[in-house]
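Number of protein chains: 2
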Amino acid sequence: MEETDVGVCVPGFKAAGIRKGGYGLAVILSEGEADCALMVTSNRVRAAPVLVSLGHAGRGKARGVVASSGNANCFTGEKGLEDAREMCRLAAGRFGSSPQDYIVNSTGVIGRRLDMDAIEALLEEMPEPASSRDASLAAAKAIMTTDTVPKMYSVRTTLETGEEVHIGGIAKGAGMIAPGLVHATMFCFLTTDARIPGDRIQSVLREAVELSFNMTVVDGDMSTNDMVCLLAGGTAGNKDIDENFQKALDRVCRELARMIARDGEGATKYLEVTVRNAATREDAAAAARAVAGSSLVKTAVFGSDPNWGRIIAALGYSGAEMDPGKVSLYLRGREREVCLVRDGEPLALEGTEELKLAEEVMKEKEIHITADLAMGEGEATAFGCDLGYDYVKINAEYTT
Amino acid sequence: MEETDVGVCVPGFKAAGIRKGGYGLAVILSEGEADCALMVTSNRVRAAPVLVSLGHAGRGKARGVVASSGNANCFTGEKGLEDAREMCRLAAGRFGSSPQDYIVNSTGVIGRRLDMDAIEALLEEMPEPASSRDASLAAAKAIMTTDTVPKMYSVRTTLETGEEVHIGGIAKGAGMIAPGLVHATMFCFLTTDARIPGDRIQSVLREAVELSFNMTVVDGDMSTNDMVCLLAGGTAGNKDIDENFQKALDRVCRELARMIARDGEGATKYLEVTVRNAATREDAAAAARAVAGSSLVKTAVFGSDPNWGRIIAALGYSGAEMDPGKVSLYLRGREREVCLVRDGEPLALEGTEELKLAEEVMKEKEIHITADLAMGEGEATAFGCDLGYDYVKINAEYTT
Chain A
1 MEETDVGVCV PGFKAAGIRK GGYGLAVILS EGEADCALMV TSNRVRAAPV LVSLGHAGRG
61 KARGVVASSG NANCFTGEKG LEDAREMCRL AAGRFGSSPQ DYIVNSTGVI GRRLDMDAIE
121 ALLEEMPEPA SSRDASLAAA KAIMTTDTVP KMYSVRTTLE TGEEVHIGGI AKGAGMIAPG
181 LVHATMFCFL TTDARIPGDR IQSVLREAVE LSFNMTVVDG DMSTNDMVCL LAGGTAGNKD
241 IDENFQKALD RVCRELARMI ARDGEGATKY LEVTVRNAAT REDAAAAARA VAGSSLVKTA
301 VFGSDPNWGR IIAALGYSGA EMDPGKVSLY LRGREREVCL VRDGEPLALE GTEELKLAEE
361 VMKEKEIHIT ADLAMGEGEA TAFGCDLGYD YVKINAEYTT
Chain B
1 MEETDVGVCV PGFKAAGIRK GGYGLAVILS EGEADCALMV TSNRVRAAPV LVSLGHAGRG
61 KARGVVASSG NANCFTGEKG LEDAREMCRL AAGRFGSSPQ DYIVNSTGVI GRRLDMDAIE
121 ALLEEMPEPA SSRDASLAAA KAIMTTDTVP KMYSVRTTLE TGEEVHIGGI AKGAGMIAPG
181 LVHATMFCFL TTDARIPGDR IQSVLREAVE LSFNMTVVDG DMSTNDMVCL LAGGTAGNKD
241 IDENFQKALD RVCRELARMI ARDGEGATKY LEVTVRNAAT REDAAAAARA VAGSSLVKTA
301 VFGSDPNWGR IIAALGYSGA EMDPGKVSLY LRGREREVCL VRDGEPLALE GTEELKLAEE
361 VMKEKEIHIT ADLAMGEGEA TAFGCDLGYD YVKINAEYTT
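Protein chains in written order, with the numbering used here: chain A, 1 to 400; chain B, 1 to 400.
Please keep in mind that the hints were generated in silico from the structure rather than gathered at the bench. Fair warning: there could be bad hints in the mix.
Since copy identity is lost for identical chains, a pair holds within one copy or between any two.
In the DSS-like style, the derived pairs of lysine-lysine whose C-alpha atoms are separated by at most 25 Å in a straight line are [unchecked claim]:
no. : residue 1 : residue 2
1   : K365      : K393
2   : K393      : K363
3   : K326      : K356
4   : K20       : K239
5   : K365      : K326
6   : K393      : K356
7   : K61       : K247
8   : K79       : K326
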């Protein structure tokens with residue numbers, strides 16, 4: 001498997017993006033009809049474009065994605081549904097195919113009607129879609145809201161049967177990020193030139209999402225517009241996919257999830273939490289997410305405070321089976337690692353070398369916490385960030 | 001029912017408190033043996049004194065409470081258990097009765113051994129327990145950590161059978177506050193002179209805690225040391241309790257819960273969320289807690305931003321049954337109220353009087369959000385606060 005730089009513009013796909021005023025608009029187009037898998041938020045309030053997209057994706061085929069930023073078109077009633085359908089009609093009018101062939105989504109403030117004149121103008125002025133790194137980047141930039149960097153990642157891998165396949169994606173998301181319970185948790189559009197036979201496209205996507213976006217925690221708020229969409233163009237010439245494909249898709253999703261965590265609203269530090277030897281994988285996932293999502297752990301990371309008791313407390317309320325007397329806890333920066341607790345015995349106590357080292361590690365920009373529960377073989381990793389003043393600043397001043 | 005000013009020093013009870021250096025110590029004593037109900041955190045990591053107290057409370061009787069601040073005595077292994085038992089022995093040595101007659105707890109940093117010399121010195125220097133407002137206040141002050149104000153409340157009420165009974169409490173808690181799922185969520189010691197016959201003391205306490213402390217959200221982190229304890233001295237001369245007693249206990253717990261929410265770490269505003277006409281009371285409670293606990297709602301309250309879409313999103317992910325087309329949403333300050341959404345129809349849109357009024361209301365120091373789900377008859381209220389810079393400041397600099 002190798003990293004490439006084309007983002008969603010894998011063979012058979014084009015993209016374009018434009019930003020103007022408070023709005024942005026991105027399109028991703030497959031040359032031919034693509035197989036489509038869609039995962040959306042489990043929030044009971046689902047935005048209009050999410051509902052429209054669920055309808056369009058029902059037959060498992062799509063031609064492309066059209067997505068806007070600046071307004072979520074959520075809680076906008078019947079008019080909102082019309083606006084989402086109109087976005088698909090406008091896209092079909094300019095780029096071909098029928099409106100039902102488009103997956104549509106919007107991101108931004110909730111409860112305000114979409115400015116369809118602005119969307120129409122953006123669509124008219126949008127550059128011709130192209131298959132290039134720059135085109136993918138323009139699409140990634142167009143869907144940004146409080147994101148500070150565009151998020152794009154792609155790889156190529158070789159199947160066991162010899163064919164080379166490509167997988168790429170763009171994502172957005174900085175706040176309102178929480179594990180999606182049932183479905184997905186943010187905004188990610190994935191493309192591949194692989195052919196994915198039968199109905200496996202949904203299951204390979206679900207597997208990748210469980211390990212990546214559903215393990216990403218910024219602030220614990222689950223959005224109304226979360227969406228992960230995979231389009232498979234099928235031009236790579238492969239008959240089937242295999243474990244190599246799944247690994248590559250997992251990696252693309254994990255890297256994009258990491259980018260979202262790193263770019264968490266107001267984040268100054270990246271936080272990765274691995275829980276191993278939990279009773280089950282579900283326990284490991286719950287425990288890792290609880291630690292990565294704990295406001296007290298996040299503020300301690302922000303303040304470089306080696307207050308590891310908060311990690312223990314978060315493990316304790318995560319719901320995972322645990323025996324405090326068996327837990328081991330490790331803290332790792334880029335180069336240094338320290339054992340804070342071994343088999344239930346605290347090592348990083350006042351005056352110890354361990355605590356001093358922990359203080360040093362906590363000052364780093366990338367903090368890895370590993371908890372070994374010694375209960376079984378479950379393992380999971382969660383992706384998060386610290387909680388600093390700027391998270392408050394960004395969210396206290398969002399609509400005003 | 002009438003408010004009184006004695007706190008835990010209801011007839012038959014004395015209290016004392018002392019603070020020195022980084023430690024504080026409080027005692028509450030019943031003249032005779034009291035009936036005792038105890039609710040503790042459902043965190044799988046339970047602090048040593050919580051475990052010791054569970055053992056002591058097993059026979060349903062207690063003589064008093066001894067509680068320290070400055071160190072949680074949590075994740076401290078066998079030594080921690082010994083230290084907690086030693087606290088009870090020291091209390092029994094000075095105030096009488098046997099060590100097993102004391103409920104014990106500690107609050108502060110997790111994972112560091114208690115300084116027993118400091119505890120012993122505090123106990124020796126502690127003033128003689130007295131039955132007065134000042135004595136209760138000294139106890140309330142002694143258990144403060146990041147609290148900015150001591151928390152104490154008391155009432156007297158008359159039973160239907162004519163006897164007057166008193167209920168009082170002191171509480172602490174500012175951070176690491178979250179609904180306690182199964183048990184309780186913070187630190188509250190309650191006293192009453194009423195006799196509570198049979199095994200009803202636990203059920204009346206549970207009922208009051210469900211409506212108060214379990215509906216209080218500051219930061220979503222559930223503590224390892226949470227405890228609510230009710231001691232019933234039985235000197236009031238009543239044979240039985242009735243609905244008046246439950247109402248009075250509910251009120252004491254609710255007022256103490258409100259004090260905790262108002263004093264949430266770094267809080268600049270008080271937030272109360274009522275959900276009515278939910279499918280069930282459980283749904284109403286889940287929805288109210290989700291809104292009060294949402295980082296995005298809390299930062300919007302801090303920033304006086306009428307971004308009501310975040311409230312809708314939080315209702316949507318709360319797990320409560322809801323139909324976005326039926327929801328109504330109201331915002332209320334001390335004097336003004338505005339309807340943001342009526343029967344699913346947004347009213348507070350750009351340029352409307354409703355949005356202008358919402359902006360004004362959001363500037364107030366006390367914000368009440370009411371959501372009507374129009375699904376049934378369930379109702380619940382959650383108590384919370386905003387999320388501002390000072391929450392980050394306090395928690396980024398806690399141990400260092």
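Structure-based check of each hint:
{"no.": "1", "hint": "K365 <-> K393", "in the structure": "both (21 Å within a copy, 18 Å between copies)"}
{"no.": "2", "hint": "K393 <-> K363", "in the structure": "both (22 Å within a copy, 16 Å between copies)"}
{"no.": "3", "hint": "K326 <-> K356", "in the structure": "within (24 Å within a copy, 56 Å between copies)"}
{"no.": "4", "hint": "K20 <-> K239", "in the structure": "neither (43 Å within a copy, 75 Å between copies)"}
{"no.": "5", "hint": "K365 <-> K326", "in the structure": "neither (29 Å within a copy, 46 Å between copies)"}
{"no.": "6", "hint": "K393 <-> K356", "in the structure": "between (32 Å within a copy, 22 Å between copies)"}
{"no.": "7", "hint": "K61 <-> K247", "in the structure": "within (23 Å within a copy, 60 Å between copies)"}
{"no.": "8", "hint": "K79 <-> K326", "in the structure": "between (56 Å within a copy, 16 Å between copies)"}
Of the numbered hints listed earlier, those contradicted by the structure are 4 and 5.
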